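Protein chains: 2
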Amino acid sequence: MTLVQIYNQQKKNLSVIEKELRRSVSSDHPMIESAAADLIKAGGKRIRPLLALLASEYGDPKRQDVIDAAVTLELIHMASLVHDDVVDNSDLRRGQPTVKAKWDNRFAMFTGDFIFARAIERISHFENAEAHRVISKVIRDLSLGEIEQIKQLFHSEQNLRCYLLRIKRKTALLMALSCQLGALASGCTFMLSRRLYYFGYFIGMSFQITDDILDFTGSEKELGKPAGSDLRNGNLTLPTLYAIWANPEIRKKVDSVLSDPEKDDKAWRQVIHDIRFSGAIERSEQLSRRYLEKAMKILSDLPDSKRATAALKEIAAYIGKRRN
Amino acid sequence: MTLVQIYNQQKKNLSVIEKELRRSVSSDHPMIESAAADLIKAGGKRIRPLLALLASEYGDPKRQDVIDAAVTLELIHMASLVHDDVVDNSDLRRGQPTVKAKWDNRFAMFTGDFIFARAIERISHFENAEAHRVISKVIRDLSLGEIEQIKQLFHSEQNLRCYLLRIKRKTALLMALSCQLGALASGCTFMLSRRLYYFGYFIGMSFQITDDILDFTGSEKELGKPAGSDLRNGNLTLPTLYAIWANPEIRKKVDSVLSDPEKDDKAWRQVIHDIRFSGAIERSEQLSRRYLEKAMKILSDLPDSKRATAALKEIAAYIGKRRN
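First to last, the sequence lines map onto chains G and S.
Residue 210 in my numbering is what sits at position 210 of the first sequence, and the numbering runs on without skipping anything.
Every number in my numbering is 1000 more than the matching position in the second sequence, counting from 1.
Worth double-checking, as some hints may not be accurate.
No farther apart than 30 angstroms at their CA atoms in a straight line, the calculated lysine-lysine pairs in the DSS-like style are these [what the hints assert, rightly or not]:
id : chain 1 : residue 1 : chain 2 : residue 2
1  : S       : Lys1306   : S       : Lys1225
2  : G       : Lys137    : S       : Lys1225
3  : G       : Lys252    : G       : Lys266
4  : S       : Lys1137   : G       : Lys62
5  : S       : Lys1151   : G       : Lys19
6  : S       : Lys1019   : G       : Lys137
7  : G       : Lys151    : G       : Lys137
Cβ-to-Cβ under 10 angstroms is the rule here; a few derived chain S residues that face chain G [stated by the list, open to error]:
id : residue
8  : Ser1027
9  : Met1031
10 : Ser1034
11 : Asp1113
12 : Glu1127
13 : Lys1137
14 : Asp1141
15 : Glu1146
16 : Leu1258
Read the hints as simulated data drawn from the structure, not as lab findings.
Keep in mind the model is a prediction, meaning the values are calculated, not measured.
Think of the CB as a built atom: it goes at the ideal place given N, C-alpha and C, for glycine as much as any other residue.
Produce the entire structure from the sequences given, and follow the hints as far as they go.
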C-alpha cells in the first residue's frame, strides 16, 4: 500500500473532517476567522486525523465520535502551532507567514486560545469518560512542553533525556493521543487503545527527530525557512546535541554563536555546516530508526485488521524515509 | 447575614479549595510555579468558588464534584486573568506586578496555558455530561471575548450592546457558570441550574459595571493603579461611553487622547475628570442597580434553601455597594 492509496481510502472521511474544521473556526470576527482559515488552508498532511481514522478501524470506524476525535486532534494541533510560533519566534511556517508574524504575538495568543476553545467544545460531545481523561492529560503535558521549551532555549547543557522529553511533548504525545483516541472513539478496549497509543508515540518521536535532522540537511526551498533555523532560534535539537557532546570544538563554536545570536551570518553558517558533517546526523538517524522499529514491533502484535495495520506500517515507513 | 459570616460558614470548603488550587498549579518548573503561586497568593475574594459553593446548597453540597467545580472555576478565572493582562497590557493587578510585567508576554501566555490546562484536567473528572457542555461553551465565549476586546480597543464608535456583550464575556459569563456548575455538581436539575446561572449572570454584569465605575472614582491607592487606567489603555467602558454619547465636547477630547495615547498626562487627567463629573457615573450606577434588581428577583423565586438564598442576597447587595 502507498501513502497515496491510504489517503484515497480515507478521502471521504478526510473531506468531512476538512469541512468540520472550517466550520469549527468560523466566527463573526473577521480577523480571527481569516487567521484560522489561513491555518486550515496551509493544510499539512492531516497526519493526526489520519492516524485517528486508521486506529478507529480496530473498532467500529462508523461511529460519529471518530470524526469528532479527528477534528479535535487537528484543532489542538493547530492551536498549539500558533502558540508555538510565539515561543519559537517563527515568522514562517511551511513557507507561509505565521499568525504572529502577520499580526503580532498578542493576536497569535488569542487565535490559539480561540481554536483551542473550539477543540474543548468538541471534546464535550464525547460520551466516553476515558477519552476526556486521556485528552486532558495530553493537554496538560503540551502546556508543560511549551514552558520547558523556553526554559531550555539557548542552553547547551542538556542531556538526551531533556531533548527526548521535549520532543515527546512537542510532537509524539499528540500523535500517540491521535491513535489512542481513534481507538477509544470506535469502541476499542482501553488496553488496545494503549497499544495504539505507543505506536503513535514511537512514530511521533521518529517524526520529530527526522524534522530536526531535516532542519540541517534540507534546502531553504524544501524547508520554507533557512537551514539551521532551530539552532538560530536557540533550539538545540538532536544533531546539535550529538555534535557538541562528541566534539569540544563544535561545542565552543555553538556556545559562541548562542551567546551572541546577532553574530554575523558567516559564523552561523559555519557552525551549522560543522554540525551537519560531524557524524551527528547519522547518529540521529539511527535513533530515529530505533523508534520506528519499536513502532513496527507493536504493529506485528496487533489483532487482525489487515487494512489498518498495512496502512500504519506504510505511514511508519514513510516517516523513516521522508525528505521534507 | 454579613459577608464575613458567609465566608466563615464556607471556611472549611474554601480552605480545601485553596489547598487544591495550590496543588493544581504545582509543577517541576520553578518559574511557572512561582508565577502561579503569586497569582494564588494575590488571592482576591474567591467569589467564583464561593458562588459555586452557595449554589450547591440547593442540591447536595457534600458531593466531591462541588469542590472540583469550584477549583476549576477559579483556575479558569486565573488563566483568563493572565491572558487578559496581555490584552490590556496591564503591569499591575491588585497593586502587584502582573505575570506579563514581571516576565514578559510570552511567559504570560504559557502560564495562562498551563493553568488553563490544569482546569481542563480537572473538568475531565466530572461525570455529568451537561457540566462538560456548559463549561466548554463558556470557555469558547471567553476566548471570543479576548479577541473582541482588542478589536474594540481605542474605538469610540461603540454602542451599548457592544459594551454589554464585552463585559458579559469578560466577567458575567464565568460568574453565571459558577452558579450553574455549583448547582449541577450538587445534583440539582438542569432547570434550577439555569435559574442560578441567570442570577450569576446578572450580578456579574453589575459587578463589572461597578468595576468600570470604580476605575474612575477610586483613588490610585484603592485601585492599585492610576484612576482612568481603562481609558488610558484604550478600553472604553460604560462611564466613558455614556459621557461621549451625551456630550460632543467630551467625545472630541476622548477621540483626541485616544488618537495619541502618548499625550501628556494633563490631557488625560482632564478628560478623566470630565467623564467623572458628566453624570455618566450616575447613569452607570443606575444600570448596575437594574441588573442587581433582576438578580434579586430570581432569588425570590428560588426553592427554599434559606441559608444559601440569604447568602446570595447578601453577595448581591455587597456588589451593589462595594467601593473597591
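- So which of those numbered hints doesn't the model satisfy? 1, 2, 10, 16
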